[in-house]
Structures are given as structure tokens and as C-alpha cells.
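Student: So the sequence lines, in the order shown, correspond to chains A and B.
Just so we're aligned: the first sequence equals residues 1 to 300 in my numbering.
Just so we're aligned: the second sequence equals residues 1 to 402 in my numbering.
Worth double-checking, as some hints may not be accurate.
Claimed, not checked - Chain A is nowhere near these chain B residues, computed Cβ spacing over 10 Å in every case: (1) Gln54; (2) Val60; (3) Arg71; (4) Ala122; (5) Leu237; (6) Phe315; (7) Asn325; (8) Asp351; (9) Pro366.
Stated by the list, open to error - Derived contacts from chain A toward chain B, CB cut-off under 8 Å, selection only: (10) Leu50; (11) Phe53; (12) Asp54; (13) Asp137; (14) Gly205; (15) Gln209; (16) Phe211; (17) Pro248; (18) Ser249; (19) Ala251; (20) Gln265.
Because the hints were derived from the structure by calculation, they are not lab data.
Fair warning: this is a prediction, and the values are worked out from it, not measured in the lab.
Note that CB positions come from ideal geometry on N, CA and C, so glycine has one too.
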Amino acid sequence: MLKFTNTFRDGIGFDTVLVVMALGYLVVFSAYPLAYNLLMSFQSVDLFTLTSFDRPFVGLDNYREVLSRPETAMIFWNTVKFVGLSVLAQLCVGFALALFFQLDFPAATWLRGLFLAGWIMPALVVGAVWSWVLAGDFGVLNHMLRQIGVIRENIFWLSDPDVALYSVIIANIWLGVPFNMILLSVGLAGIPKDVYEAASMDGAGRVQQFFTITLPMMRAQLGAVISLGVIFTLQQFDLFAALTQGGPSNASNVFQYWSWQLAFQNYEIGLGSVVSVLMIGFVIAVAFIYVRSTRYEQES
Amino acid sequence: MGKTMIGAMAVGAATFATAAPAQQTVLDLWTIDDPGEYHYVLAEEYMAAHPDVQINVRTVQFGDMVNDLARAMATGDAPDITYIDNPEVAMFAQRGLLLDLGPQIAASDIVHTDDIFPGPLASVSLDGGIYGLPRGANTIAVYYNADMFRAAGLDLDAPPRTWDAFYDAAKTLTRPDDNIYGLAFSAIATEEGTFQFLPWIQMTGADFDDVNTEGAVRALTLWKRFIDEGIASRDTLIRSQWDSTGTFNAGSAAMAISGPWELPRMRGEADFDVRAFALPVPQEGAPRASALGEGDNVILKSTDQPDAAFAFLEFMYAQMDRVWNEFGYLPASDVTVKDPQYPEIYAVFEDSMRAARNRGPSANWPQISQAIQGAIQQALTGQATPEEALARAQDRIDRIIR
């Protein structure tokens with residue numbers, strides 16, 4: 001008995017318990033749903049067979065169906081545009097703000113704190129606010145643009161198929177900037193001041209310092225922020241639900257929202273699973289880059 | 001004080017439940033209503049009249065009902081009675097999950113299928129069986145701002161009856177400089193879009209399984225003109241009926257297509273003379289059609305109390321003459337409503353109800369509806385011509401039905 005408590009307290013028993021708990025959690029809440037989702041993507045599933053495993057296997061039919069739908073190509077490119085533009089703009093604006101608040105001026109930390117407001121708000125609330133800003137007939141943005149004479153006719157931000165996707169991207173950029181700014185601020189604070197001092201003694205200007213010191217020293221942070229940004233952007237669902245529901249006519253639809261529509265609005269659960277399997281593949285690739293970039297950070 | 005009261009009531013209820021006689025019948029009822037609405041009110045009344053019956057009412061969000069029911073049926077947790085939106089009855093009935101009420105109705109003194117209007121009756125009928133009783137119905141018509149009609153020189157007492165006249169009136173009423181649209185309706189990519197569009201093509205002889213027709217193309221082209229010519233807002237593509245009618249109430253649109261559920265809010269918000277007329281037809285003499293909304297009370301096949309459940313269904317059905325004034329739906333059967341509220345508008349809706357047609361029936365209704373919404377949106381955004389959009393939709397519908 002004593003031996004047992006001893007192994008538990010300071011021996012291998014305790015380690016085992018910890019590992020089993022972590023592993024058990026991963027298996028039950030991550031591995032099982034992933035495998036279950038993969039299984040469903042090869043089956044014909046509707047709402048009424050959701051709880052039983054005994055469903056007809058249809059091979060690759062679901063994949064063929066998803067890839068042959070006329071809207072698939074458009075939704076794919078929308079997803080690429082949404083992720084690419086969102087991450088790029090979030091990174092640029094976030095980095096610029098981080099650099100700005102790195103300067104020593106009164107209330108810098110205060111102001112930086114205020115920027116977090118956007119991050120704290122639930123995306124659904126952000127979506128509701130943006131939908132008032134972007135509304136076509138009575139929107140705040142159209143009113144402002146008309147007042148200052150930029151436009152004469154209202155722009156239908158949410159219902160014009162040519163602009164709807166960009167409206168969601170604008171809202172998403174606003175939502176993601178604070179996260180980028182904070183992570184990059186942390187990275188900037190970690191760069192020793194004397195490196196800059198030495199550089200300026202050697203006569204390097206601000207721009208030169210940025211490209212020769214700041215950027216290389218921030219490599220790990222930038223890698224992490226980009227990978228996390230891609231993953232968060234691929235998870236962005238609430239803004240679509242609140243702003244455009246992927247419409248009009250899929251003009252602003254993306255894979256993550258489409259997957260939900262297929263599974264829970266059309267009850268074509270097998271097809272919804274296919275879309276999420278395709279997305280998982282992509283996220284794994286991004287996660288791989290993220291792991292690589294943080295490993296570099298640990299080694300250095 | 002409020003809290004103590006609730007606490008005391010809860011304790012009282014618990015004591016009552018344990019002290020109740022053994023033969024107490026317990027029925028579980030799922031609804032989309034909130035307390036104070038139809039199912040809650042009628043369950044209270046029924047329990048007061050039948051102390052031996054206990055009805056447990058549970059609210060499920062409208063959008064979650066099908067999901068939650070399917071899950072509950074799979075795990076054996078289904079209620080005895082539930083409310084289902086009418087196009088979805090066929091989906092559950094075809095899978096054998098609903099009780100066929102035919103034999104019970106045949107023996108009933110209260111329910112006579114001949115009294116039920118054809119639209120609502122079709123929505124609960126499948127292969128000779130009757131799988132539910134409508135709790136009421138609703139449909140759509142055109143509300144119009146009589147003040148704007150007068151100002152535009154249109155005849156108040158002869159509202160447009162054909163599509164051409166309707167288009168002309170809407171065009172005349174449109175005043176872009178004052179930010180006033182001639183018409184507000186909903187072409188949103190949800191069930192509401194299908195609900196608003198289907199009657200337009202049904203009037204031309206098309207239907208949910210036959211959308212690639214000349215008449216349907218004409219209907220969709222008319223809708224496209226409303227958007228392209230600025231008669232209705234581009235936001236029609238993303239506005240629900242409730243939001244669209246909100247712009248009518250605010251005086252930003254001269255006409256609005258929607259249903260009777262708008263009336264209470266309209267009375268508070270619209271500070272002008274509101275009237276209504278039935279949906280216009282393609283040309284004089286063409287058959288009429290209107291949408292059929294609202295849902296049905298159904299009994300699940302898994303119930304162990306089919307007789308008690310049917311008795312409660314009969315009771316609810318017998319209250320049909322109260323639904324307009326108390327709950328805001330139209331009667332789904334031939335009853336006389338005494339002193340209806342908003343009598344002129346009631347007359348328009350009651351008349352439209354006779355032309356109301358079912359969506360479906362099809363066991364795959366959600367997918368079919370989605371194909372129709374896709375066609376509407378592709379045509380209105382200009383991604384496809386009405387002909388192409390409807391041909392594509394027909395292609396998908398054929399594959400779904402097959």
C-alpha cells in the first residue's frame with residue numbers, strides 16, 4: 001500500500017496518471033470527433049441516422065458530389081481571398097500599431113489597452129454592429145460617404161455580390177487587429193534596446209533598423225501570428241452568420257460556413273463532413289508551419 | 001418576494017406531482033411558442049378541464065425543431081405531441097415517425113377533414129394517411145400605404161389585380177429622390193424566400209417539382225425587374241420578411257408583401273392608413289395562389305398515449321375560431337370568426353387563404369427549397385439569367401426527387 005502511494009507521489013505512477021489524463025482528453029474530444037467526421041464523409045448520413053454507426057457506405061460519392069457542385073469553385077476562391085486578405089491586412093495593421101505603441105509617448109499603454117475592446121467583444125455582437133454600419137439603405141457608412149461626396153448612389157455592402165465578401169473581410173480585419181497587435185508587441189518588447197543603440201551609433205536609419213533588426217528578430221513571432229491568424233480566420237463563422245449568411249447566392253460564402261449550411265440547413269451531413277475534412281487537411285498543413293516556427297523560437 | 005413565490009410554487013408543484021393519483025396521464029409537448037402563446041395557453045386550459053392529464057410543455061427554437069426532434073427520436077426521448085412547420089411534416093411522415101391519425105379522425109365527432117382547407121389538408125396528407133392537424137394557417141398578401149397611393153394618383157378602391165398592373169403601380173410609387181421604394185418583399189436565401197416566391201410560379205401552373213417553365217421564368221423575370229429597376233431595395237436579397245416590412249412601416253416603401261403576423265407591430269409603428277390586397281395574378285382569369293404558412297400538431301408514433309394525445313389534439317383543433325383574435329393566425333378550417341380584429345385586412349387574408357397552396361409535399365423539402373432559393377438569388381444577382389437559374393434548379397430538384 002505504502003509502495004503504491006509512493007509511486008504515485010514521487011514515482012512513475014504520477015507521471016502515468018498525468019499522461020493518461022491528457023491523452024484521454026485528446027482521444028475523447030479531438031481524435032474521436034475527427035475520426036467520426038472522416039467516417040461520415042464516406043457515408044450517406046441524414047439527421048435520422050446520425051446516432052447509429054450502421055449507415056450505408058457510399059465510397060467517394062460525397063467527395064465527387066461536393067467537387068462537382070457548380071458553387072464549389074467560387075466558394076473555394078472566396079475562402080482563399082477571405083483568409084489571404086484578412087491575414088495580410090490584420091498583420092500589416094497590427095504590426096504598424098505595435099510599432100507605433102512601442103514609441104514612448106504619454107498614454108501609450110492606455111491607448112493600446114483600448115484597442116483590445118474589439119478583441120473582447122463576441123464576434124456575433126461585432127457582426128450585428130457592422131451590419132448596421134454596412135446596411136444598404138440606412139447604413140452609417142453609406143451616409144458618411146454620401147455626406148463627404150465620395151459616392152452618389154448607395155453601395156449595397158451586404159447584398160451586392162461584387163462587394164459582399166469584402167464587407168465581411170473588412171469586419172474581420174477590424175476584429176483580428178488587436179490580437180495581432182498584442183502578440184507582436186510582446187515580440188517587440190523582447191528585442192534588446194542595446195541592439196538598436198548600437199545600430200544607430202553605426203549610423204543606421206529607422207528604415208534600415210526595421211529591415212535589419214526588427215524583422216529578422218521577429219521571425220518566430222510573425223510565423224506564429226500568421227499561422228494562428230490563418231487558423232482563426234478559417235474558424236470565422238459568426239461574422240458570416242451575422243452579416244451575409246454567405247449570400248447573396250454564395251458570393252460571400254466560405255468553406256467553414258458552407259460546411260455548416262450543408263450539414264445543418266440542408267441536412268446533407270455527409271457532404272458537410274467532406275467539406276470539413278478538406279478544411280482539416282489544410283489546417284494541419286498550417287499547424288505544421290506553426291509548430292515549426294515555435295520550435296525555432298525554443299531553440300534560439 | 002418574487003423569488004420566494006416561485007420557490008414556494010416549485011415546492012408546491014413537486015408535492016403535487018408526487019401526491020398525484022397513479023392513473024395520471026402525462027403528455028410531453030414540444031412547441032416553438034413562448035409562455036403566454038398558443039400551446040401554453042391551451043395546455044393550461046386543457047389541464048384545468050381535465051385534472052387527470054398533465055401536459056409538460058417545452059419550448060424549442062423554430063430553427064432547431066427538426067434537429068432536436070430527429071435527435072430525440074434516435075435516442076428514444078421524443079415527446080408525445082409536437083409542433084412541426086408544415087413543409088416538414090412529409091419528411092417525418094415518410095420515415096414512419098408520425099402516427100397516422102386517419103382511424104382516430106374517422107371516429108371523431110370534432111374533426112372532419114372536409115372542413116379543413118385544401119392547402120393545410122394537403123400539408124398533413126401523405127399516401128392516404130393524415131399525419132397531423134393544422135393549428136392554424138397564415139398566408140401572404142400585399143400591404144399598401146393608402147396615403148402614398150392617394151398621393152401618386154392611384155385608385156385606392158381598385159388595387160392592382162394583375163402582374164402588369166402591379167408592376168406599373170410599384171413603379172409609379174417609387175420615388176428614389178425621397179428614398180422611397182415602391183415595394184418591399186423578401187428574396188432571402190432561406191425558407192422565407194421560397195415561401196414568398198412559390199405562389200408566383202404556382203399561379204402560372206408551375207410548382208416546386210416543375211420550376212423550369214415559361215411561367216416560372218416570367219415570374220422570376222418580374223422579380224428581377226423589381227430589383228434591377230430600383231423598385232425594391234437590393235437588400236431584398238438579404239432581408240427577412242420581418243425586416244422588409246419594417247421598412248414599409250417606417251414609410252420607406254409604399255407596398256410590402258408579408259403575412260398577418262405583421263399586424264400588431266404595424267399598428268404601433270405605421271402612422272399611415274394601412275390596407276391590403278391579395279397577391280396579383282399573371283393575367284385576368286389566371287388561377288390564384290398564395291403561400292401557406294404555420295404548422296401542425298402531430299403525434300409521434302413512439303407515444304404510449306395515442307388516445308390521450310389525440311383527445312388533446314381534438315381540443316386544440318376545436319379552438320380554431322379563436323386563433324385570429326388571440327394568437328394571430330388564420331383559421332385553417334371553415335369556421336366563423338366573430339368580431340375579427342382588423343376586419344378589412346382579415347377579409348383579404350381569409351380570402352387569400354382559400355388560394356393558399358402547400359410547399360411540397362416532399363420528404364426532401366429542405367434540399368428542394370434550397371435549390372429554389374439558389375435560383376432566385378442567382379437570377380437576382382445577375383449570376384445567371386432567369387432561364388439558366390431555373391434550368392439549373394430543375395436539374396437539382398430532379399436529382400433530389402429521384
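Student: Could you run down the list of hints and mark each one as holding or not?
Tutor: Okay, the hints, checked on the actual structure:
no.: 1; hint: Gln54; in the structure: 29 Å, holds
no.: 2; hint: Val60; in the structure: 14 Å, holds
no.: 3; hint: Arg71; in the structure: 7 Å, violated
no.: 4; hint: Ala122; in the structure: 23 Å, holds
no.: 5; hint: Leu237; in the structure: 4 Å, violated
no.: 6; hint: Phe315; in the structure: 30 Å, holds
no.: 7; hint: Asn325; in the structure: 34 Å, holds
no.: 8; hint: Asp351; in the structure: 32 Å, holds
no.: 9; hint: Pro366; in the structure: 5 Å, violated
no.: 10; hint: Leu50; in the structure: 6 Å, holds
no.: 11; hint: Phe53; in the structure: 12 Å, violated
no.: 12; hint: Asp54; in the structure: 12 Å, violated
no.: 13; hint: Asp137; in the structure: 5 Å, holds
no.: 14; hint: Gly205; in the structure: 50 Å, violated
no.: 15; hint: Gln209; in the structure: 48 Å, violated
no.: 16; hint: Phe211; in the structure: 45 Å, violated
no.: 17; hint: Pro248; in the structure: 4 Å, holds
no.: 18; hint: Ser249; in the structure: 4 Å, holds
no.: 19; hint: Ala251; in the structure: 7 Å, holds
no.: 20; hint: Gln265; in the structure: 7 Å, holds
In terms of the numbered hints stated before, the structure departs from hints 3, 5, 9, 11, 12, 14, 15 and 16, listed from lowest to highest.
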